[in-house]
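Student: What follows is each chain in one-letter form.
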Amino acid sequence: MQYKDYYQILELERGASEEEIKRSYRKLARKYHPDVNKSLEAEAHFKEIGEAYAVLKDPEKRAAYDNLGSQWQEGQDFRPPPNWDAGFEFSGGPAFAGGEADFSDFFEELFGGLGGRPAAESYRSRFSSRGEDHHAKIAIDLEDSFHGTTRTISLKSTDIDRQTGRLVIRPHTLNVKIPQGVREGQRIRLPGQGGAGVGGGSRGDLYIEIVFNPHPLFRFDGRDIIYDLALTPWEAALGATISVPVLGGSVEMKIPANSQSGRKLRLKGKGIPGKPPGDQYVVLKVVIPRADTKKAKEFYKRMAEELPMNPRATAGN
Amino acid sequence: MKIDVIVLNQSLRVTFDELCELCRVSREEINEMVEEGIISPRGPSRKNWLFHGYDVKRVQIALRLQRDLQVNLPGVAVIIDLLEELDQLRKAHGKRT
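Residue numbers (our numbering), protein chains in the order written: chain A, 1 to 317; chain B, 1 to 97.
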């Protein structure tokens with residue numbers, strides 16, 4: 001298994017005081033809490049921080065951990081020497097905020113044989129012995145939402161081991177059907193696919209949040225998608241029919257004459273499918289030809305003379 | 001294995017009791033969250049209260065913030081509002097790389 005450098009994880013020196021450990025933990029927990037931090041690694045990092053704190057804040061565990069020596073590197077291949085914990089007494093399971101235990105192999109090996117389940121005063125465990133809810137995120141493409149798709153996700157599912165009665169973590173794959181028309185931020189609830197219940201309680205649920213991968217052509221807002229369309233000055237001024245990409249193909253779109261940059265045209269029903277379907281907005285952007293040649297410069301100067309205008313005039317001027 | 005999926009979207013409505021059951025909280029805690037303005041039910045009285053699908057998410061976030069970061073309920077209310085505002089701003093900014 002891999003060594004975990006708990007001091008590094010909590011951004012501490014080895015001789016840190018209990019006060020420093022608590023302060024650092026609180027600061028990092030706030031920073032990486034998955035509800036507050038939207039990066040995909042936040043949750044894993046948050047759990048790591050919780051695990052490091054569980055060990056370092058307990059004097060006995062910390063002493064035993066320090067006893068392993070400081071020559072190891074985070075991630076390094078590691079085997080605990082025999083009797084590494086001789087003379088140390090660990091009381092009970094680690095109690096720390098962070099919901100269900102999802103410890104590293106390193107932690108399980110060194111501190112895991114203590115009843116497994118954290119003694120955390122979980123807000124929810126007071127009221128039910130049902131298993132914890134799990135939360136996961138899936139990144140899909142816009143096209144997946146347009147067509148609907150099936151995704152395979154691997155989870156670490158918890159179960160009560162029949163022989164030892166302890167909570168164990170088993171990897172688990174699920175085929176999840178992503179319905180057509182699902183939007184970013186929407187969640188899918190899979191009943192009974194969460195954590196194992198304790199004392200005969202039922203399993204918790206699995207919530208999967210949908211996140212869209214950035215799309216090369218479109219931006220999205222709820223059910224609507226947005227496409228930026230570049231136009232030449234003559235297309236914008238005289239009007240034109242332009243082929244515009246939409247989900248599932250393209251459409252011929254009539255650009256009205258005298259369109260300015262920033263104008264939004266709507267393709268009704270061409271957004272994310274649903275009842276009602278979203279729309280596709282096409283935002284116009286006029287791009288001017290470069291004035292690199294003498295001819296081009298002269299053309300522009302003539303244009304200034306023949307089509308005078310003041311774009312910075314405010315209403316009433 | 002075929003799994004039944006429930007999409008938590010705008011059209012989903014849950015009752016007071018269903019919300020307690022889904023989120024594993026007491027009625028008292030839901031009441032407190034309503035008082036704090038974290039979730040806003042529709043309906044003339046508690047018996048008829050209906051919550052949105054996204055209220056489920058707000059309750060779950062509220063519980064996690066309390067449990068993991070020791071935030072009190074008024075603080076949770078502020079945080080959730082700010083998170084939603086951040087979300088809107090991110091969307092308005094566009095997601096193109």
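Be aware that one or more of the hints could be misleading.
[What the hints assert, rightly or not] In the SDA-like style, the derived pairs of lysine to any residue whose C-alpha atoms are separated by at most 25 Å in a straight line are: (1) 137(A) / 28(A); (2) 137(A) / 12(B); (3) 91(B) / 75(A); (4) 91(B) / 313(A); (5) 38(A) / 42(B).
FYI, nobody ran anything at the bench for these hints, they're computed from the structure.
Student: Now tell me, hint by hint, if it's right for this structure.
Tutor: Structure-based check of all given hints:
Taken as a hint, the residue 137(A) and residue 28(A) pair is honoured in the structure, with Cα atoms around 22 Å apart against an allowance of 25 Å. Between the alpha carbons of residue 137(A) and residue 12(B) the distance comes to roughly 21 Å, so the proposed pair stays at or under 25 Å and holds. Distance hint between residue 91(B) and residue 75(A) is unfulfilled; the C-alpha atoms sit about 37 Å from each other, more than 25 Å. Annotation: proposed proximity of residue 91(B) to residue 313(A) is violated, straight-line Cα distance about 32 Å (limit 25 Å).
Only pairs whose Cα atoms come within 25 Å are accepted, and residue 38(A) paired with residue 42(B) is rejected, the gap being roughly 30 Å.
When the structure is compared with the earlier hints, violations turn up for hints 3, 4 and 5 and for no others.
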